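For the sequence shown, position 302 matches number 302 in full-length UniProt numbering, and the numbering has no gaps at all.
Do not take every clue at face value.
[To be verified] Simulated restraints on C-beta separations: (1) Q111 x A205: 33 to 39 Å; (2) G353 x V223: 34 to 40 Å; (3) S252 x R175: 55 to 61 Å; (4) S338 x A240: 29 to 35 Å; (5) A205 x R146: 23 to 29 Å; (6) T383 x A240: 54 to 60 Å; (7) E149 x G353: 46 to 52 Å; (8) E245 x K413: 54 to 60 Å; (9) L117 x L171: 54 to 60 Å; (10) R146 x Q244: 28 to 34 Å; (11) Q247 x N154: 35 to 41 Å.
[Said to hold, decoys possible] Okay, derived cross-link-like pairs now, DSS-like style, lysine-lysine, Cα gap no bigger than 27 Å in a straight line: (12) K419 x K371; (13) K280 x K128; (14) K354 x K128; (15) K413 x K282; (16) K167 x K128; (17) K419 x K396; (18) K396 x K423; (19) K371 x K413; (20) K423 x K413; (21) K371 x K423; (22) K413 x K280; (23) K280 x K396; (24) K101 x K354; (25) K354 x K122; (26) K282 x K419; (27) K314 x K101; (28) K128 x K101; (29) K282 x K371; (30) K101 x K280; (31) K396 x K413; (32) K282 x K101; (33) K314 x K282; (34) K128 x K118; (35) K101 x K122.
Hints listed in this document are in silico derivations from the structure and should not be mistaken for laboratory results.
Given the structure is predicted, the values throughout are model-derived calculations rather than measurements.
C-beta: ideal position from N, C-alpha, C; glycine also.
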Amino acid sequence: MPRTEPASLDRTPRADAAPGPEAVPLFPATAPPDAPGRKGSGGRPPRRKGRWLLAAALLLLLGGFWYYRSANTVRPADAYTSAAAAAGDIEESVLATGILKPVRFVAVGAQASGRLLKMHVKLGQVVKAGDLIAEIDDLTQQNALRTAEADLANMRAQREEKQVTLKYAELTLARQTRMLTQTITSQADYETAASTVGTTRAQIAALDAQIASAEVAVETARVNLGYTRITAPTDGTILALVTQEGQTVNASQSAPTIAILGDVGTMTVRTEISEADVVKVKPGQAVYFTILGAPDQPYHATLESIEPAPESVKSDSSFSSTSTASSSSSSSSSSTSSAIYYNGVFNVPNPDGKLRTYMTAEVHIVLGSAKGVLTIPAAALGTVAADGSYAVQVIKSDGTLEPRTVTIGLNDKVTAEVKSGLKAGERVVTGRRSASGAATQQGGPPPPPGM
Numbered sequence: 001m002p003r004t005e006p007a008s009l010d011r012t013p014r015a016d017a018a019p020g021p022e023a024v025p026l027f028p029a030t031a032p033p034d035a036p037g038r039k040g041s042g043g044r045p046p047r048r049k050g051r052w053l054l055a056a057a058l059l060l061l062l063g064g065f066w067y068y069r070s071a072n073t074v075r076p077a078d079a080y081t082s083a084a085a086a087a088g089d090i091e092e093s094v095l096a097t098g099i100l101k102p103v104r105f106v107a108v109g110a111q112a113s114g115r116l117l118k119m120h121v122k123l124g125q126v127v128k129a130g131d132l133i134a135e136i137d138d139l140t141q142q143n144a145l146r147t148a149e150a151d152l153a154n155m156r157a158q159r160e161e162k163q164v165t166l167k168y169a170e171l172t173l174a175r176q177t178r179m180l181t182q183t184i185t186s187q188a189d190y191e192t193a194a195s196t197v198g199t200t201r202a203q204i205a206a207l208d209a210q211i212a213s214a215e216v217a218v219e220t221a222r223v224n225l226g227y228t229r230i231t232a233p234t235d236g237t238i239l240a241l242v243t244q245e246g247q248t249v250n251a252s253q254s255a256p257t258i259a260i261l262g263d264v265g266t267m268t269v270r271t272e273i274s275e276a277d278v279v280k281v282k283p284g285q286a287v288y289f290t291i292l293g294a295p296d297q298p299y300h301a302t303l304e305s306i307e308p309a310p311e312s313v314k315s316d317s318s319f320s321s322t323s324t325a326s327s328s329s330s331s332s333s334s335s336t337s338s339a340i341y342y343n344g345v346f347n348v349p350n351p352d353g354k355l356r357t358y359m360t361a362e363v364h365i366v367l368g369s370a371k372g373v374l375t376i377p378a379a380a381l382g383t384v385a386a387d388g389s390y391a392v393q394v395i396k397s398d399g400t401l402e403p404r405t406v407t408i409g410l411n412d413k414v415t416a417e418v419k420s421g422l423k424a425g426e427r428v429v430t431g432r433r434s435a436s437g438a439a440t441q442q443g444g445p446p447p448p449p450g451m
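Produce the complete structure using the sequences and hints provided.
Right, dumping it as structure tokens:
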């Protein structure tokens, strides 16, 4: 008897079935597991896919390690700063400080005592030699001149009187001589007449000497009177008025200064050269200087002389007669402990008057100069050898360092002239980089790589 399926197991929807609520299966349908040999949904066997993922991870790991090594690997040249040897101009000079003064710098003083009646000049006025600067009350000097002239007139009058007396004495002597030959007069009268002539002549000679002295006194009084009129001793400009109208000056001990006069058409520069540099300079070398107000405008001149002793020699107590051995020793020790400077002197024209008295000059004394020569920074120079050559470190194309010996010419402490040992474009080490990346100037050649 044939078996029939229960109607409840027939899941095929029937066309004639009445519509009803949708049936929800109790268990969702799941795909059967892949059978052996079948491909997954990605189209690649699972084992091959895992191998590719592992290879990609290894490649990423190796790439990261290589990037880390390359980022943290520093070439020897990267630890230093450098500069290329290149053509340039260089000048080696001695730097010094100087003071400007007029070529003729005069303190106009008073040689007469008294009250300053009138000042005839103003500050900054240009005067010629002989121009009146000031007048001092001359009443005392005029009285002295009148007295001297009166004394001279008295001496001359006395001489004329003695001259008349001498003439009468000579006539008396002549008469006594005739009478003596005729035995009319006595020998005593004759001798008296002769004595009178001789005495009168001596008195006239004495008066001549007194007259000469009186004439000197008159001349002195006249000169003293002239001292009350203070005049310019030379051409120049009034730089300072020290004494004012109404002041009393006393010239008995020293000449008080009335005004300061200077010829500012030409200025003298006295520059202080240190004892370390004075052995390098000599008269005839070119110099140029600038002033604080115009640092970009150099003034050129030629060094004319170098003073043989420093200024401190003027205050050396060993030249004082009252100094003791202890003070002399103290002065010597203080002189040796302080800096020693020698004055270099040169003149410079000042037609426009821009250079003023007591200005400060930054002076460069040129020892040598060259144009268009091969140069490197002076910081690249290492130790100096006995023959005068220097050690430098040259950066090669692969970033390694090559020790090199170079011959240096001019060196201004910033740039050095290369005579031999380098070619244009070659880079040399100038300093060492710190851990933060900042550059520090080297104090000698860098150590070999790896140390």
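So, going through the hints one by one against the coordinates:
1. The hinted window of 33 to 39 Å between Q111 and A205 holds, with their beta carbons roughly 35 Å apart.
2. Look at G353 against V223: about 36 Å separates their beta carbons, and that is inside 34 to 40 Å.
3. Here the CB-CB span from S252 to R175 is close to 59 Å, well matched to the stated 55 to 61 Å.
4. At roughly 30 Å, the beta carbons of S338 and A240 sit within the given window of 29 to 35 Å.
5. Checked against the hint of 23 to 29 Å, the C-beta distance between A205 and R146 comes to roughly 27 Å, which is consistent with it.
6. Distance hint for T383 and A240: a CB-CB separation of about 56 Å, consistent with the stated range 54 to 60 Å.
7. For E149 and G353, the hinted distance range of 46 to 52 Å is satisfied, since their beta carbons lie about 48 Å from each other.
8. The supplied range of 54 to 60 Å is met by E245 and K413, whose beta-carbon atoms lie about 56 Å from each other.
9. The hinted window of 54 to 60 Å between L117 and L171 holds, with their beta carbons roughly 57 Å apart.
10. About 30 Å separates the C-beta atoms of R146 and Q244, a value consistent with the hinted range of 28 to 34 Å.
11. Under the hint 35 to 41 Å, the C-beta atoms of Q247 and N154, about 38 Å apart, fit the expected range.
12. Taken as a hint, the K419 and K371 pair is honoured in the structure, with Cα atoms around 13 Å apart against an allowance of 27 Å.
13. Taking the CA atoms of K280 and K128, the gap is near 42 Å; set against the 27 Å cutoff, the hint is violated.
14. The straight-line distance between the Cα atoms of K354 and K128 is roughly 21 Å, inside the 27 Å bound, and the hint therefore holds.
15. As the CA atoms of K413 and K282 are separated by approximately 21 Å, the hinted pair is consistent with the 27 Å bound.
16. With a C-alpha separation of about 56 Å, the suggested pair K167 and K128 falls outside the 27 Å cut-off, and the hint is violated.
17. For the proposed pair K419 and K396, the alpha carbon gap of about 20 Å is at most 27 Å, so the pair holds.
18. With a C-alpha separation of about 12 Å, the suggested pairing of K396 with K423 holds against the 27 Å cut-off.
19. Taken as a hint, the K371 and K413 pair is honoured in the structure, with Cα atoms around 17 Å apart against an allowance of 27 Å.
20. A threshold of 27 Å between alpha carbons decides the hint, and for K423 with K413 the separation of about 21 Å falls inside it, so the pair holds.
21. Proximity of K371 to K423 is assessed by CA-CA distance (about 17 Å); at most 27 Å being required, the pair is judged to hold.
22. About 15 Å separates the Cα atoms of K413 and K280, which keeps this hinted pair within 27 Å; it holds.
23. The hinted pair formed by K280 and K396 fails the criterion: a straight-line CA distance of about 38 Å is larger than 27 Å.
24. Proposed proximity of K101 and K354 is supported: the alpha carbons are some 13 Å apart, at most 27 Å.
25. About 20 Å separates the Cα atoms of K354 and K122, which keeps this hinted pair within 27 Å; it holds.
26. For a cut-off of 27 Å, the pair hint linking K282 to K419 stands: about 25 Å separates their Cα positions.
27. For the proposed pair K314 and K101, the alpha carbon gap of about 20 Å is at most 27 Å, so the pair holds.
28. Distance restraint check for K128 and K101: the Cα-Cα separation of roughly 19 Å lies within the 27 Å cut-off, and the hinted pair is therefore satisfied.
29. For the proposed pair K282 and K371, the alpha carbon gap of about 23 Å is at most 27 Å, so the pair holds.
30. For the hint linking K101 to K280, the alpha-carbon distance of about 25 Å falls within 27 Å, and the restraint holds.
31. For the hint linking K396 to K413, the alpha-carbon distance of about 25 Å falls within 27 Å, and the restraint holds.
32. Of the pairs offered as hints, the one joining K282 and K101 holds, with about 22 Å between alpha carbons and a cut-off of 27 Å not exceeded.
33. A C-alpha spacing of about 23 Å is found between K314 and K282, which places the hinted pair at or below 27 Å, so the restraint holds.
34. At roughly 19 Å between alpha-carbon atoms, K128 and K118 fall within 27 Å of each other, so this suggested pair holds.
35. Distance hint between K101 and K122 is fulfilled; the C-alpha atoms sit about 20 Å from each other, no more than 27 Å.
Hint violations for this structure: numbers 13, 16, 23, all remaining hints satisfied.
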